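This note's numbering applies: residue 1245 is where the sequence shown begins, and numbers increase by one.
Heads up, a few of these hints could be off.
Unchecked claim - Restraint ranges, calculated between C-beta atoms of paired labels, are given here:
1) Ser1323 - Ser1357: 37 to 47 Å
2) Leu1297 - Ser1353: 36 to 46 Å
3) Ser1345 - Gly1440: 41 to 51 Å
4) Pro1396 - Thr1324: 11 to 21 Å
5) Leu1297 - Pro1396: 18 to 28 Å
6) Pro1289 - Gly1330: 38 to 48 Å
7) Ser1353 - Cys1438: 22 to 32 Å
Calculated directly from the structure, the hints in this document are not laboratory data.
Keep in mind the model is a prediction, meaning the values are calculated, not measured.
For glycine and all other residues, C-beta sits at the position ideal for the given N, C-alpha and C.
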Amino acid sequence: MAVASEGHANGVWLRPRRGLLWSGVLVLIIVPLPIVATLVTLGVPDGSWPFALIGGAISILVFFVGLHLFRTTYVVISSTQITERGFFSRPASTPISAVSSVVLTHTFSTSSSETLPQLIVRNDRSERILRMRGIFWTEETMRAAAAAIGSPLEEPVDALTPRQFFEQYSGSAYWFENRRGLGVTIVVVIGLACIGLVLGLMRLLGLPVAG
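Sequences are here, hints too, so could you generate the full structure?
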């Protein structure tokens, strides 16, 4: 369900999808906690269970850090400026007067034929002022942002592939986007880190590791 915009004296506050929070909770419950619980149980006989417990504590700490970052992510649009605080960034403000175009388009997902909305706000040099992606923001929230900005909203009819999107709206990509090699590297590194963590805990607990 969409996170509704909130009207305040100092502007309209917009926040990401609430579903992202519940997805994070579900991942925590399904993946690390059962593994840690199993390792703790197996480590009770020889007294090595505290190491597994430490691993669980680290997982929970990471979750709460992510929760804090999620809760402090927002877009605020007042009559004079747009302020955005991203997941990993500090608040940044841009005058409303710098807005040259506001576009609400749809892009295909890289893994399916489904499309997601994207709102792109740019200046007269075609530089990104604000970009709201459908993974994190609902279309309802994007339209609320466009209405608060007040500039004419362009809505192209045809959906774009990711490549077409970055070609048509050059300058809209974040540093980590449109780089296939970087994406693969990140996935591999995360996967190896997870495997290494589990194997490390198993060795600390004295459990046999096949190989």
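Do the hints match the structure? See the list:
{"no.": "1", "hint": "Ser1323 - Ser1357: 37 to 47 Å", "in the structure": "holds, 40 Å"}
{"no.": "2", "hint": "Leu1297 - Ser1353: 36 to 46 Å", "in the structure": "holds, 39 Å"}
{"no.": "3", "hint": "Ser1345 - Gly1440: 41 to 51 Å", "in the structure": "holds, 46 Å"}
{"no.": "4", "hint": "Pro1396 - Thr1324: 11 to 21 Å", "in the structure": "holds, 19 Å"}
{"no.": "5", "hint": "Leu1297 - Pro1396: 18 to 28 Å", "in the structure": "violated, 57 Å"}
{"no.": "6", "hint": "Pro1289 - Gly1330: 38 to 48 Å", "in the structure": "holds, 47 Å"}
{"no.": "7", "hint": "Ser1353 - Cys1438: 22 to 32 Å", "in the structure": "holds, 24 Å"}
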